[in-house]
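Participant: Just so you know, the sequences run in chain order L and A.
Quick note: the first sequence uses the working numbering, first residue 1388, plus one each step.
Quick note: the second sequence uses the working numbering, first residue 239, plus one each step.
It is worth saying that the hints were derived from the structure and are not from the lab.
Idealized CB from N, CA, C, for every residue including glycine.
Heads up, some of the hints might be wrong.
Label pairs and their in silico Cβ distance ranges [what the hints assert, rightly or not]:
1) 286/A <-> 1824/L: 36 to 44 Å
2) 1819/L <-> 902/A: 30 to 38 Å
3) 1566/L <-> 791/A: 42 to 50 Å
4) 1824/L <-> 287/A: 32 to 40 Å
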Amino acid sequence: MLPFILNNRWVKPESPEGTVLLDFIRTDQRLTGAKEGCREGDCGACMVLVGRLKHGQLHYTQNVSCLLPIAAVAHCHVVTIEGLNRQTLSPLQQFFVDEYASQCGFCTPGFIISLTAYLLNGTQMDDEEALSYVDGNLCRCTGYSSIRRALSKLNQTYGAELIDYSVPAQRIRRLIELNLLPDYFSYMEKQLQTPPRQPSGQPLTKDDGARTIVAGGTDLFVQQADDLREHKLAFMQNTRGIVIEDNRCYVDAAFNVQELQNHPQLQHHFPRMHQWFRLIASMPVRHRATVGGNIINASPIGDLSVWLLALDVTVVLQNGRRTREIPLKDFFVDYKTLAMTEDETVQLVYFDLPRENYFFHFEKVCKRTYLDIASVNGAMFLRTREERIDTIHLALGGVAPVPLYLKQTVHFLQGCPVTADTIHEALRILESEIQPISDVRGSADYKRLLAGRLLWAHLYPYYPDLVEKEVL
Amino acid sequence: MSPTADHNLHVSGTARFIDDIPVRRDTLYAAVLTSQKAHARITALDTAAAGRQPGIVRIFTAGDIPGDKTIGNIFQDEPLLASDEVVYRGEPLTLIVAETMRAARMARKFINVQYDELPAVFDARQAYDQGRLIAPPRTFVLGDVDKAWPQCDIIVQDRVESGHQEHLYLETQGAYAYMNDHLLKVISSTQSPGAVQKMIARILNIPMHLIEVEAPRLGGAFGGKEEQATNWACLCALAAYNLKRPVKLVLNRREDMNYTGKRHAYTSDFKIGLNRDGKILAYEVFMFQNAGAFADLSTSILERSLFHAANSYDIPNVKATAVSCRTHLPPNTAFRGFGGPQAMFVIEAALDKACHAMAMDKLSIQGKNLLQSDSVFPYGMGAKSDGARRCWQSAMDIYQTDSRQKALTTFNRKNRRFKKGLALMPICFGISFTSKFLNQAGALVHVYNDGSVRISTGAVEMGQGVNDKLRAVAARVFSIDEERILLDTTSTARVANASPTAASTGSDLNGMALKTACEIILSALKQFVARCHDIDDPEQIILNNETVQVNGQSIDLSWDKLIQEAYLERVDLSAHAFYATPHLFFDRQTEKGQPFAYHVYGTGVVEVTVDALTGTYTIDRMGIVHDLGKSLHTQADLGQVEGGVAQGLGWMTMEEIIYSDEGKNCTDTLSTYKIPDIQFMPDDLQVEFIEASGRDSGLFHSKAVGEPPFMYGIGVYFALLNAIRAFRPNAETYYSAPLTPEKALFMLTGQNNKQNVSEKKLTLEKKKY
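This is chain A alone, in the form it adopts within the complex (with noise of 0.2 Å):
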């Protein structure tokens, strides 16, 4: 490890987050009041009385924006600062300076709301049937699914629902601004630089190049700081243009979990059917997205889940319509997999569902429908590789799936209490900004005359690595030692107009625009020792190990004394570069096209034990094999496909938001809402990285991994329905994501409490079967 990398500062605490910053003399302190109501017109507003308690500095309202009032990057539907009617419970009313921190919050206590309340909806299909959408009904067909269900042998239908997740990163919303000058900087912990510089531009009504917005670092992000850190930084920026003394604003974690959106909860109608040899024929499915207050991303979220509706599976007729749904609830953003995870764990059931109908093992159906070279998805993109297969054959090889299955079984005839599940989980998710023009990106390199090297680019570090990688491609590229390059914070002043960090997409596309900008250097640098050494073809000059070599001989010149002599014959040794992914092309009015770079491909094994006298259970094991192509960064890569794991295991099992009927979230603290602990984690956990894809994908032939391990989780879902099953063969199941301990034992009892599952309809056509 370089010792310039993060890791060292985060181990010795030196690591600064926005909260971390030392703060500027005549610092004020934020705190903003949100609606307590889910739905409600705003009658009265008096703040008069919070602004005489002591240390009060200002109190802003909707009123005190100068520009816009209104912010969002696809719709901008969301105000900054409600003012006449309120649409979910934390929605921002007004925005509190003071001295401190304390006097900001406990001043909140004196303002009045008054609030006339209106009738509120929760629920995704109640909001559809109430015509509550925030965009109309997106279809995407394959085949013709009306034709083939007279063809299927056996066709089951069921719902499936999946919850909110919180994103939990440990840091939490803030920001931080000042004025200098003319400048207005702000220090924002978020994802995307370049959109909250948009954003406060807006909001103020000043150009962009008045506005310098910087992310140091982040403390975990998750897509929950990809659209919802603008909040926070614009309502900084608002007080710290006015006031013109530096202003910070840090959400504590209750207010963070109250105020910020989550992944969307999706409840879903599916349809599927096969043929006797377990064939997928047809596949339907309608998905109602619970989208929140307003859009934020969910309309892009959406259009995943129509992308990877049908997962990893080749099935010639789909039929898949989703809507987003317009609630009183926080809006609902990003979180990794974007959508992905809520389709694919429907399909998933579809299979689940259809294979105990069937009575067949759901690995050799999972197995038999997997994409090959030639399938064709939803979308009319070409699959042009096998790596769904080359995987899943992996992971039943290396983690002898079949023998595991012969051991379960045998532990499950021997025990009474205790039975054991396994399930395989096949993944595909497809790489770039579903929405084109974002898939581009810049990078700035300087090479200081001392030889070392310093680097910005639109790329975000938030634990995914992508310094990491970026400091990997600029030595690869220099061939250097890593210790000389230095990776920048990043500052919409250094990289302008980047795209969010995001969509897995960092290290592909800044990383792409960074291998430009150092081989536009490269190149100057080969020039000037053809020129110095006459050398006709500057391209017999490589730089190996920090000298230079001609036609592979060594002449004597380091890369330290190349630098020199370079900059002393005024050789540019900075460049800028850029980089927009080609070939990507989709048509939003036939839902054709090319959307995606490529795919990432993998299966996930996972092993449970349940405790058929309590319904709890333990995840006992875990392998995956993962397609990375040629890994940039085998730590950085393996960690996010460890990580993303363990949210998903969450996402599936513990993470469980509940909203009262008054839209309050009831799960507003660590002690409320469960995330995976170390002892959660499995002991046996073996990852294996694979070349599945065998086609040119990302940069330098690696491929982006930030989003797709996350999906790995939803297996164990389907492995604890095996070893409940184990106990009770006959166990009414069900599609209810989490699978609580507490839905466990009532399926395990046969006691029915369908909670999220209302009006199940179980309704299944047998067919000549």
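So that you can see chain L by itself, here it is in the shape it has in the complex (with noise of 0.2 Å):
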């Protein structure tokens, strides 16, 4: 195993390297700030940081534990609650107790954590921002008000100046002086450009035969984490990520969602897409989920999927030297089963960026707004020239075993005017192209329903007149 910094320390795990983080860090090492609350990344009582080198630079995000492969931290620092205390608070944690933000304290090291990765990483500075920072973190005792306390007062205190150190090191420099991190935190980066020698004779990694592809594992160790531990990981290298020529933009594989929701030229051309992005499950999931690992998932509610389907990306598959292409909306066959054979790899999606007169839009329909699993969720992309359909694209999730492109509806609306006829004609051959199920996240008369709707609601910001005479 690769050794990684443990807080101010490094440490060689000797577990197998698919034992997850919160494992180690609590049995092995006995830090136990870091608790276990529900091992599927829903409740962040195990959030930690992890720090990694991007461009010689050192960036932290906050991650949980439970869903973490210890090989996935190699050469990383991995910070616990442990790792951010000093003989006395720090103000962060005194504005937890002066606002009475802790009741039980299981979760309270967890809020603590990401709020510190949103000192390190804000940009806004603002209470929104924050709390988007812990939208992976759930309390059952506060009701989160004197949390949201806490933080505004962290804002208040620390926001005005800190938005002006937007260049890594020089804004851990200052949160040091700020008494918000501890002094170890200034040394790191370089402790990471030479980490420890190998001792001679043990390559620094063996090649013992069949390994399992990750890429952000983000599901993988919430259905197989017992299974996977004793296996040896392969993970997959976000060697590419954004580019961007002759108006075609080519993901990587290994890209993740947060860094894909940042994206500004993206931003630029999906200008409510971080809002959508928000949607889908929480920051800390968000920083390890990648694009083709949802593509590769093929869950039938798959957020991005859908998004991936309306912009009616190609998805480039590798088997050794040979590559070939797929539009995503053909490689959905079945419930979990990709048109790809054993020996492919997902290595890029691409699709072309929109010009003008172009409308997209993203909605899902849950119990719980933000990270929840959809009922419904659905995107459409549309193209008008002289007012009719230019280009259309449909997609649904939750609707069919597979992420749904709507192949027979979209065939149809090509060439028609956005009418109240058409737009009634498409939901009768929609209707026929779904096929939902009822089950703990709705009822199949629900989700047809909604399948429905979420067109409607896909429509609304640009022919409200007509929707609201339609259906509302």
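With the hints as a guide, dock the two chains, each given alone in a separate frame, to form the complex.
Facilitator: What follows is the structure, given as structure tokens:
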């Protein structure tokens, strides 16, 4: 196993590399500040900071340690709540105490970690942004009001000042000066640049047979953590990032969802993207979850898959030196069945960036708006020319065994004007294309009803009068 | 905040919960194998193959229990380990003890259980029809409803459903047990160390003095660890006592959600009659409680449903009947509000229905019928307080509900897609255990000779802030700095026979005992000072801000010096004291009496916005006026109100337990069972505290706060209905909580899917109206 820095010292785990970080820090290292609340990344009680070198700079994100195999933090700086503690409380900790923002205290370390990630990375430094950093933390006691008061106080005290520090190393230095981070953070970047030498004769990674390929693992480790513990893992590497050439956007399969959300050029093309992506999982999970992982997982309610279907992306598959391409809408064959062989891996997706006269819209309906799995989700791409539909792509999740591209509905709408008649006819076709089932996320009747309503909801921002007249 | 307060440990992650305690070197780990059938005869239970798995030390079955094989506080009807028959999915069958947790859990699949399936019942009404009752029905009567119906101008009746609710304490159930010479020490995440001790003694057949149960702190409980922490502590104790090695048993989330009971689902029928002025003349209700497979605390919870059947309303004729029905689900249990919320939801639904039928404003009807000082509750106790009206009026004033209503109407007129709704929720909640004997508490105080103080009571700190309140009590009596005071963990060795920390009474009962214990020491100190300074009347002496004063004049005697001198003069600096709430009585034959020390009142205002296109909604604002008496600790009290409201809102909106036709919990993870997150809660949530009752109530005239605020959340159901009606005036609304976006969309679109509301009979009798 490769070493990593746990708080302020290098550790070299001897546990199997599929062991989740939470078990390693709690059991092997006896650091019990991170708690086990759910083991599925839904409560945030096990939150840790993970610092990684990117282009020589150290960037920290908050991650749920219950879904993070230790092999994924090789040569990283992992920070638990113990790694933030000093002799006296930090101002952030003190605000929590002052505002009575802990009751039973079980979730509290997770909140402190997430808000430390906010201090390290926040750009707006307002309460809304601070809230977005704790979107993966649940508290059952406080009702969150006192936590909101604590984070407001944090912003009032430090927000305006920190906004000026945008370079990570400078931000870290300032946070240390403000007593918001311990001193040792100042030399972590250098430490990571010079990892401890391995004893000679032992290769860094020993390739001894089959490895399980893991992207973010945010669903894999929910479903199969016990089995994966003993597996050798191979991690998808994001080597290409996002490349835009000739108006075509190529996204590495290992690109994570949070980076996608933050991408300035994509935000330019999809101005509400930031808002929509906040509906997908939570920030700590988005930091790990990848574009390719979401596709490969083939979950019928995959938010990103639905999004990508409506962008009509093409998937690039690789098998050794051979590559081939397949439109995403042809890639999902049946429940968790993909049009690919076992030897192939998803390398890239690409799509053409839209030009003028287009609308893009995403909707997700679930019991809880944030950090929930959709009852039905949907996305629409629409471009009109001379009052008629020039191009349309429609995708729905939660209504079929796969994330569904509505081929027939799309086919019908092509060339039609956006009128009540055409939409009603489109809905009739849509009805025939979907086969929702009843489950904990809603009855089949409900999902059927929602599927139609989401089409109206997609149209609402652009054709409000039409929608109001027809269904409201 | 005192540096010795728990909060400093919370924020640095150093507060230890059961799973964080450093384990002893030879510790074993236990996992439980539970029934996979809701109702079946066990025809074979073969553990041999599992026993041969690596790391397995021992597998316990029912036959290995040396003492009584059943547990339970009210009725001892629950087998610790099932043997012949299983009656719910998740019922423990065997306890597997291994060298590692992983080995213990993995061995489960090697245990061969053969079931002979039997018919199962999951619905309370069906269980009732089959005569499957935990106890006979009970009825509370005031006046005579049958004589009142003819006087009514309008009578409506309907059915009301409310679902199960998962506690979702973030710390799952767990225990750690080991032998220490003769003593069996059990550290348990329990609200009831005393009950755990008693049950362990029962199943091991040893006296209670050989068992010490300690609850260090709980990572949330909300009633879920009042009765249901006992099973795990008993199992853990059984293994540790037998194997003479430390044993740890901590459930993971999925196990916890599958094995433990929830807030009881209720289904009720009501009939309510009003005169044309909107005065409620009669209310009749029949509540079916889904108890699950064993009694647990269901009969007590049912009793509280009856106590709160009329909520804050003065109704001259009431007939409330409730029955606890035995089904094949995990035994349901205490949860904040303890049956009160379920009953209050019914009366609010009844008023909603009546007002809608009469086309009258619900606010005016609610306001008109609130309790007054001379009102009498259906159980015979007088209200003797106008708290309900004072809170209501304050809420109307502070939150300007009239102008808010107007603003909402304007908004709704201008907007087609988004509609807003508002509702008010008055609450009235009785404080005391309704089992009289539980209203007792003990406290033990040590003043060390350096002037520092250490306190033990029977109260368990689970986040509710009882330790902060108790610290405030001792600091006030001694008039010393809070930094001098440490609150101990809760242990049966220090305070014996303690009642559960429950029923919102933790601070009241334990605080009163603590106050008395501190006063005993204070009195000894005063007598000592009087002796030393030749003062005739020790009452001329007071302690003020760490110094001794005689007749208002400071003498040169600080707390430190006083204690040191008192110690040298052999003054007893320790005391134990006891408290039993006076004047409580209740006659279960007549169902009349004075079951409560006092009542807590309040009113919540809630505003929502519904998206008529998708059925999703947001909670925009909440305002609360809450009767707190004189708060002992404002931040702790505020936290209880805000946190209670959040749980109440969750219960009414998104928290939905779904059992399959086979009795399997389909919502046994956090990805399928949703609780409020930070973004669900309204940005604007204001809480105003008032002293509404004007009567002596609890400790230093403070009032209990744990449970009552939960019920403000009920208002959201009716705010949502109002918003839905603003879109679709004749929407066929019904009363089936939680009101998920699914139900909202069906109501908004007029598509019928009354999921849980089966055979809904709409009988609206309009007479003379």
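Participant: Flag every earlier hint the structure violates by its number, smallest first.
Facilitator: Going through the list in order, the structure violates no hint and respects every one.
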